[in-house]
Amino acid sequence: MIKIHKAVSRRKRQTPNRESRQGSDNIQGTENNLGTKDISARLSKDLEKNESVFQQALGNSPDVIFRYLSIGKQKVRAVLIFISGLADTASIAENILKSLTYEIRCEDLNGAEQLNLALIKENILSNAEIAEENSFEQLLKHILLGDTVLLIDSLEIAIVIFARSSQGFRAVGEPVSEALIRGPREGFIEKLQINRSMIRRKLRSPKLKFQELTIGEISQTQVCISYLDGIADKQLVSEVLERLSRIKIDGILESGYIEELIQDAPYSPFPTVRTTERPDTVAACLLEGKVAILVDGTPYVIVVPGTFIEFLQVNEDYYQSYIFVLGIRILRYLSFFITLFLPSMYVAILTFHQEMLPSTLALSLSATRQGIPFPAFVEALIMEVAFEILREAGLRLPRPVGQSVSIVGALVIGDAAVKAGLVSPAMVIIVATTAIASFTIPGFSLGLAIRLLRFPIMILSASLGLYGLIVAGFALFVHMSTLRSFGVPYLAPIAPANWPGQKDVFLRAPWWAMTTRPLDTGHQDFMREKTDLKPQKPKE
Amino acid sequence: MPEKGRISLGQAAIIASSFALGTGIFVLPAFEINWAREDAWLIQVLVTFPSLILVFIVDKLGRKFPGQTIIQYSETILGKYLGKVFGFAVTLFFFWTGSVILYELAAFLVSAVIPETPMMVFLIVSGLLIAYTVYNGLETIGRLHVWFIPITVFSLIFIVLLACKEMNLNYFQPFLANGIAPVIRGARTSNSYHGCMILAMAMLTPYINKPGKIRKSYIYAVIVCSLVYGINTVGCLAVFGPFEGGRVSMPTIELVKMINIADIIQRIEVLLILNWVGAVFTMSTAWFYFSVLGTAQLFNLKKYQFLVFPMILGYIGVAALNYRSYPVFVDYIDRIWAPYAAVHEFLLPAFLLLVAIIRRRGIKTDTKSQGV
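In the order they appear, the protein sequences are chains A and B.
Following this note's numbering, the numbering of the first sequence begins with 801 at its first residue and continues without gaps.
Following this note's numbering, the numbering of the second sequence begins with 68 at its first residue and continues without gaps.
Treat the hints as calculated values from the structure; they're not laboratory data.
Glycine residues also receive a C-beta, built at the ideal position from the N, C-alpha and C atoms.
Don't take every hint at face value.
Stated by the list, open to error - Which chain A residues face chain B? A few, computed with CB under 7 Å, are given here:
1. Ala1275
2. Ala1295
3. Pro1296
4. Trp1299
5. Gln1302
Said to hold, decoys possible - Computed cross-link-like contacts, BS3-like style, restricted to lysine-lysine with a CA-CA straight-line distance of at most 30 Å:
6. Lys71(B) x Lys1034(A)
7. Lys1303(A) x Lys280(B)
8. Lys1330(A) x Lys277(B)
9. Lys277(B) x Lys1303(A)
Assemble the whole structure, with the sequences as input and the hints as a guide.
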């Protein structure tokens, strides 16, 4: 087997800048997932035999096309195997079939001796990318990926033609989950090759490396890691590769599968890997020495290591003026605390610490609570759950119905409940504030964690007052400071605090002062820019 | 070594200062004003010096026995059996004092925040939280302290500034009317609070990742602590005067209650109390951590995590059963705990250093080359 692998990896590449690099890099370790025994063998000289192996392996699936043809005057038999839909049929007809049949129909080939591979590759086929292959397993893999395989009678090597269909994918558009005002409007799509090229367009450097793996016994999903050589820590890269290669699963349908299989704290509600739909975010992360994991079939790219503050940062922070970003970031941290603690604080103060409120406020609050049948905690719980239901409904409903949900929500939950005396208006204000604050958290997965954690904190503060609140806060802080994401402390650079990291936590230093990469991931190549970039008055 | 984590020098200094800062904020002004009256502000000037001497002693010991805590090098210095007895005494001191702090936290919550809830609830909830933190190791404790101790210090200074309106500087006169003796008596408790800090240093030194200017940063820590206490005492004395200030059990909280600026900043005591709950909690966490770590080192265990849960039960139990009421507790701190602590903090390290020099144990160190 080892000899075969070597032979395969030594096979000539026709074009150096091929779009995909699957094949020799990842066949080591992948098991024969196709069931039959003779697939692991190599091709034989007998076309019928070869063909029957493929017939047997692929079955008589209607989407697998066996196109028989005969080449030249001697009518050398050959067969093209591809999957309709995955392969580009127009290109096959134009570049393969036409040249193999019509254009050399009268050529005298003198049998198979003259019809060698070099002739076909160099003189007949007019495709851009071609490879040779002689193991059934690899050929099957190519067919399933959408490539076309050409088997020719009496030849022991098949030709793989890379003519994949570009149909069936949506165009590159603006990412839905990460909207912004200023910045590029492109987002990743479901096709790995396109996503990869989007990153390459941002970072046109030979330092940008991609490494591809195939994960999923049945789905055979292409997964690709990306990093900047010399900037990303080598240990981090090998750790990512090791964790990915440990995955043995039947199918990877979304990057969420991988996320759960590689993250450090499987029981923590806090996300320790970051996902994004934006190529510019990924490029920025790569420049900081992180590693991106692209998964075929999903626009969400995983970036590791993911730290807590990253979930409260947006790429737009780096495009807008740094002066306003300071304010916006503080606002975002504030709304993080509001989302997490405001309902609990309200409950705790109303239940235990009325003396904290100024007298007038206490009076007006108690006036609005006149005749409310529930204690503050129950009231808060009802409203929060109702809001979560509304939000979930709004997310899942088809768009035309969505409007009616918001009307019903606003009228019933907001207005009618207050008028009926079930909920106090103050509580509606609190819940609405919390809801709006929760939408300002950029990292959706962190937002989910906070939404969930709100409820236990509410229970604690309903039973122990503000002390319960602070206990919950402490427990969360302790929990978060124990987490690590690929070796980087989750709360870095807040705790453990490091000075260079503070440039990008609460404030975003202007670009002329952001001289270094983050200490935790970018220490290999620490300087980001020259130190004297501050704009200066022109010399007289 | 039972502890794998490493902390930075700054974290170590902050953990050490939290050893003194947490509860001292509430109780110390009352002790000081009670004994020294008008001259209470002098106490913090006085207590800085013994602590500074202690810094030098413990620093010397740390250099003689690098990579060892006080529990471990007392065994190296005194031999196996006597050393174990010494180590046990120090560990017991950590354990006992930590539970005193836990009681203080709970008593404080019951008296100031939620009066109707039984104290046991607070003891158990806080105890579990402490156990959870300690279970996660020194690095977590370091990260926790770095955020909560500075907040405490700044909020305290802020309060004293806000209370400026109520201050009467005539309360500081006459100067030394009763001689120096009452001042020294009043300094005893404060001195024991300060000494804790250096004992923490003796436990932490082996776990600092880049041992640089350890002595310098601890000297800073001592001075900052003295300053914070001094500001606190001066504030309380200036607002309440030499007689009322000694009678109130927690003058700092009364101080906060008096703050009312333009009817906007008022009734902020609950927020500050919560902040201080954080400080006392971090403090108790550090004490409990050292008692667990000390036990593990006493018995040469490879891990200390499994000790956390059984020991926290004892910790809660000691805190719950020992004191009948808060006044009894205050009396206990002033009359019994302060000398008890002073023995462990001052005599013990001094004795160890003396024996180490006589028996020629440890590495010979050249103080000049280390750079202060």
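Evaluation of the provided hints:
1. Hint status for Ala1275(A) relative to chain B: holds, with the closest Cβ pair at about 6 Å, below 7 Å.
2. At its closest, the beta carbon of Ala1295(A) sits 4 Å from a beta carbon of chain B; the interface hint therefore holds under the 7 Å criterion.
3. Nearest Cβ of chain B to the Cβ of Pro1296(A): about 6 Å, under the 7 Å cut. The hint holds.
4. With its C-beta approaching chain B no nearer than about 10 Å, Trp1299(A) sits outside the 7 Å limit, and its interface hint is violated.
5. Interface hint at Gln1302(A): violated, since its Cβ lies 13 Å from the closest Cβ of chain B, which is beyond the 7 Å cut-off.
6. Annotation: proposed proximity of Lys71(B) to Lys1034(A) holds, straight-line Cα distance about 24 Å (limit 30 Å).
7. Between the alpha carbons of Lys1303(A) and Lys280(B) the distance comes to roughly 26 Å, so the proposed pair stays at or under 30 Å and holds.
8. Using a Cα cut-off of 30 Å, the hinted pair Lys1330(A) and Lys277(B) holds, with the two alpha carbons roughly 29 Å apart.
9. Only pairs whose Cα atoms come within 30 Å are accepted, and Lys277(B) paired with Lys1303(A) is accepted, the gap being roughly 23 Å.
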